[in-house]
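Participant: This is what each chain is made of:
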Amino acid sequence: MNAANTRKIPKKKSQAYEIWRRFKKNKTAMAALIVLSLIILSTLCADFIWDYQKDACSINIKNRLQHPSWEHPLGTDELGRDMLCRLVYGARASLTVGILGTSFALLVGGTLGAIGGYYGGKLDNLIMRCTDVLLAIPGLLLCIAIMSAFKSNVFYISLSLGISYISKFTRIVRSSILSVRDQEYVEAARAIGASDFSIITKHVLMNCMAPIFVQYALAIGSRILSVSTLSYIGMGIQAPTPDWGNMLSGARAFIRGNTYLVMGPGVALLLTISSFNLIGDGLRDAMDPRLKK
Amino acid sequence: MIPVVIAVIFLVYGIMHMTPGDPVAVMLGADATPELIQETREALGITDPFLVQFANYVKNLFTGHFGTSWYTGRDVSERLFAAIPYTIKLSLLAMLVALVLSIPMGVLAAVKHNSLGDYTISIFAMIGVSAPTFWVGTMLMLLCSLGWGILPSAYDGTWKSYVLPTITQGFNMLASVTRTQRSSMLEVLSADYIRTARAKGVSNFSATYKHALRNAIIPSITVAGLNFGTLIGGAVAIETVFAIPGVGRLMIDSIKLHDTPTVIGCMVFVSVMVSVINLLVDLLYALIDPRIKAQYLKGGKK
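Chains L and Y are the protein sequences, given in the same order.
Position 117 (the first sequence) corresponds to 117 in the working numbering; numbering is contiguous.
Position in the second sequence (first residue = 1) + 1000 = the working numbering.
If you're looking for bench data, these hints aren't it; they were derived computationally from the structure.
All residues carry an ideal CB built from backbone N, CA and C; glycine is no exception.
Among the hints, erroneous ones may be present.
Sample of chain L residues at the chain Y side, in silico, Cβ under 8 Å [unchecked claim]: (1) Lys122; (2) Leu126; (3) Met128; (4) Asp132; (5) Val186; (6) Ala188; (7) Ala191; (8) Tyr232; (9) Asn258; (10) Gly266; (11) Asn277.
If we strip away everything but chain Y, and leave its shape as in the complex, we get (with noise of 0.2 Å):
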């Protein structure tokens, strides 16, 4: 994994090294002379060799600095952790409802297959997975913000203004879950063992829900898993419609500032926060499925 996110690095580090614009020039204002903006230069460290510049960069990484800002002047690292508890607990709270509300809705609409509930879940999944989330925000926000002024329309410090944000980043994710669990438990509850164990006399019940939903639950893990880098990228736009001091925030609005250091620690902290993500699943397949675990462990004695 950490090779994997030293390249991660390297090529966000690569292709924010393209930005046009010279920092310096923003920094000092037009009236600098010519040796003072190469002091400046000089000092930021952007006259170095690009791999000396990631070198430098990845070393001070792992004490914790994520390199000058070029707006304010101090440390990105403060800024962005400042904004990460923030887009943490919005991601986190998102998909903590996207999931408890997904496996049941999949699982039903896959019991009652074509009936009436079946169709109601199925278009409600693909309008979320279709909708855009910036969009859906903007509705709630219409509905419950200004229509009926239950909720505030932009971030206030109250759990309040977490609900709008979480429903529209969670309604994505939900939608994908449930299309998934729908056709895995479709496909399971169908298949040669789920018949064998109702000729046994199992209870429907634990047909259902023992047999069937064991096996139908891992395609709906891995699908959460892979959307939760979705799931932060879209962060970026809920922030700005929700106005909150996430990092999906704070890199739009250092990209406006042509503050390349915090940008770059923002897609930093998000892509290692996915590597993260990413790993945390496989380990859970290995939790829930018996059968990849003795996987992993026939690999290790090799």
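Isolated chain L, as found in the complex (with noise of 0.2 Å):
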């Protein structure tokens, strides 16, 4: 009896940990993560090295398309800018405005589905037709409509852009309320007198943030690839604001023997995208419970 309780029982690690355990074995997701890193790291360090408006923003006609040099080392573009400072600035518009969009659709997008998925009924039908109704607009169309009707700064963009992303999180949070609402424990908060609110965003919400972490994940890199098409035909983040989109647009007319002006920000793109997607996916592993080991 003695024996049995001062036996040490392991500490039970918290679930958070678990996942990270998880998804420090894979090893794409972790390169991804330190590209990423890399990549936010670099547009936080940029004002010491560089002068925004000096170095990305203003004309400078004597050094345009200059091929890579030990002094620019990816070139410059058709206005004389270095390629590789405007990268990094082009690092910041994108990361913001995908950051905040993806922000904006969770909270608004993760409100309707919770409030949809919780009570149901009449309410839950109306929630469900409308982001039928959105879902039905092609994400980008919508984007260019609303950029269309208004001014294109960081907010609208960032606006544009969640609310063609809402109804998929309103969606993904509704499915995964709807597959815990029913169980016991949320019956017992109920009976000891928990209100509806504290019910969801501590007891139903918490057990369904693996869906939501992961698509969050994947919605920035969709919302940055959307931004930046945007940019790209005009509608977006407007020069001389630095953007991948917009500097690739810029650099169409230049392309015939400077092919480095579409490497530079179709790479960062590229890599950008994959990291959130391969994040993503990484995170969907470790939360799998099927997949524990």
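Mind docking these for me? Both chains are given alone in their own frames, and the hints should help you get the complex.
Facilitator: Structure representation (structure tokens):
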């Protein structure tokens, strides 16, 4: 009896730690996390290396279209600005609107999904019909329509990117809430008199965070893709503010003989978006209880 | 489906209604008299309340009229219907290429799990999902048109000018369907009923392609259907890259010209098409999966 009591019980590791432990084993996801951290770090340090106004925005015709060299590792663009500098500042613009837009979509879509899924009935029906409408319009076209009605600044770009993603979050949050709503522990919480708000936020949502996290990571990648496309067709971030999309569109007339102009922004986009996708995939695998080892 | 379509039109109409800029000032030029401006405004119907305008618009839609373009002064449908075939042709070709290639690739990657082929296909698919279509288009153009000079870089009316846009547009869908097909196939292949089938002595080929594939193909159809909207949305960028006179190009040009009725026309057309595709995908499920068909029938009896 006494012996059984004194035997050490291994401390239960938290779920977040378990997920992180499994995520760490996934080599590609870790590589993606490192690449992404480097990109974010570079945008944070950019101000120590360059002067935003002077190096990234002002025109310097004497230096135009210089091929990569020691002085300009990625060459200079059609207006003589250093490509590397603009690439780094472009990351700042893309990531900002990508994360803002996704967070907006998560906030609005998640709330709607939670309300619809938890209460059900007519309210749920109404919310789901609204998401049907939003889903019927291709996201990019919805962004374009919104951007043509409003000024293109960071706020409206994030808003349009967010609105076009709301319905996805609504659906995911709703379906995960539906899967736990009728379980006993929720009933127990209700029985001890917990309010609906605290049941949703503390008990229900906490148990369906996994798919939401995964979707969040994937959504940022997809939003960055959208904003680059928007900027490419001239409806997103406007020149002279550097963005990977408008850099590519600016380079269009000069690509013959200046391939480096499209390589930089394109590879940057590819790396960033695939990093988010790989992290999302990695999270999904790490959180999948069926793959538990 | 009809209410959804009308709500979509309402949403699009509402957003575009907020577009700044006075069309009449653009149409008539700087030296128009105030009376003339007022008259033209009333003729265009933009002095009516929003809901009246919307009701008139929907009414006209049923007779095939998309309103008067502020740019050409003629009916929007004229230019819209001229642009539609390009976009449809391109999207269908891209979808066809994507589906024909992605299902076998996904199956192959799953059957030869963790082999070199699986890794190659997975990396290829990851690039396809992540690369922006307009960049892929530009790179292909650099390679095939400016480099080797075998394919035209801009639309010139021949079949050759469809090759690069189709590949570009299909690439993204190809990649996402391949990924879905691979993971669903992996899941199904480890299911108990496949083991049972093998234990019964069903040949490996039959177990993989008859038993597993039929179940594993359903998520791919969902993804393909959902992606069709993305595909058409992506057409905007691709039509810009390759100078194809399709709906996306018309829409961008019209936005730049502040020709709101044409923009609305393009949006309405695309949204209706996406709704129809979603409906077709739902019907396709029933055709492929008897379980879903049974569900439908049960629902009908109630």
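Participant: Taking the hints in turn, state whether each one holds.
Facilitator: The hints, checked one at a time:
1. Lys122: Result: violated, 15 Å to nearest chain Y Cβ.
2. Leu126: Violated, about 11 Å.
3. Met128: violated, 11 Å
4. Asp132: holds, 5 Å
5. Val186: violated, 27 Å
6. Ala188: violated, 33 Å
7. Ala191: Cβ of Ala191(L) sits 33 Å from chain Y, so the hint is violated.
8. Tyr232: holds, 5 Å
9. Asn258: This interface hint is violated because 10 Å lies over the 8 Å limit.
10. Gly266: holds, 4 Å
11. Asn277: holds, 6 Å
Checked against the numbered hints given earlier, the structure breaks hints 1, 2, 3, 5, 6, 7, 9 and satisfies all the rest.
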